[in-house]
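Model the full structure from these sequences, guided by the hints.
2 protein chains.
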Amino acid sequence: MTNLFSNIPAKLPEEVFEDIIKTPDVRIERIISKGHTTPNNEWYDQDENEWVLVVKGEAKLLFDDEKEVHLKEGDHVNILAHQRHQVSWTDPNQETIWLAVFYK
Amino acid sequence: MTNLFSNIPAKLPEEVFEDIIKTPDVRIERIISKGHTTPNNEWYDQDENEWVLVVKGEAKLLFDDEKEVHLKEGDHVNILAHQRHQVSWTDPNQETIWLAVFYK
Numbered sequence: 001m002t003n004l005f006s007n008i009p010a011k012l013p014e015e016v017f018e019d020i021i022k023t024p025d026v027r028i029e030r031i032i033s034k035g036h037t038t039p040n041n042e043w044y045d046q047d048e049n050e051w052v053l054v055v056k057g058e059a060k061l062l063f064d065d066e067k068e069v070h071l072k073e074g075d076h077v078n079i080l081a082h083q084r085h086q087v088s089w090t091d092p093n094q095e096t097i098w099l100a101v102f103y104k
Numbered sequence: 001m002t003n004l005f006s007n008i009p010a011k012l013p014e015e016v017f018e019d020i021i022k023t024p025d026v027r028i029e030r031i032i033s034k035g036h037t038t039p040n041n042e043w044y045d046q047d048e049n050e051w052v053l054v055v056k057g058e059a060k061l062l063f064d065d066e067k068e069v070h071l072k073e074g075d076h077v078n079i080l081a082h083q084r085h086q087v088s089w090t091d092p093n094q095e096t097i098w099l100a101v102f103y104k
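The listed protein sequences derive, respectively, from chains A and B.
Heads up: the first sequence runs through residues 1 to 104, numbered per the numbering used here.
Heads up: the second sequence runs through residues 1 to 104, numbered per the numbering used here.
The hints are simulated quantities; they were obtained by calculation from the structure and are not laboratory data.
No false leads were slipped in.
Computed list of lysine-lysine pairs in DSS-like fashion (alpha-carbon distance at most 27 Å, straight line):
id : chain 1 : residue 1 : chain 2 : residue 2
1  : B       : K104      : A       : K104
2  : A       : K72       : B       : K11
3  : A       : K34       : B       : K72
Since this is a predicted model, take the numbers as computed values, not measurements.
Here it is, written out as structure tokens:
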């Protein structure tokens, strides 16, 4: 048994990405952000679909049709493969814990 | 955008199982329990692996080697295919929200 809120680094100079489950078909990842955004305003353009949940904290996702979604605790979105997006904001005052499931 | 804590039925005569994502390879499911346990103390014996997270509430999982794990908010376990298990307890005083990812 592991806890999603444990082993959070005291300092977060970079976002933290950790695989929880990894198989050829699916990857479950924990992401920890604290004020981070996607570096250089680049777009994520992924070969896999990504279902993402904000378990704790707050964040904003920007899509390349200029739609921005503000995610709070419990909010989840499904990002289709090659749906270009970036993390445009995360709360600088607390850790945001994301759960992401990448799948084909 | 959907919220994991929204649309919770006021009454829960039965556990609620809802697919969030379903493909041939992966299924993400929300489960809502309130005092429920696995009916008739039967064992779940599944063809797929199941990664399960308690997002809110508390529950106990019993494995057929008699090991019981008490899951609280943020706790997650990975249940391998055909690892027999049952839900032996869920908090009767609040909803327990589970997130389950079934994968091959």
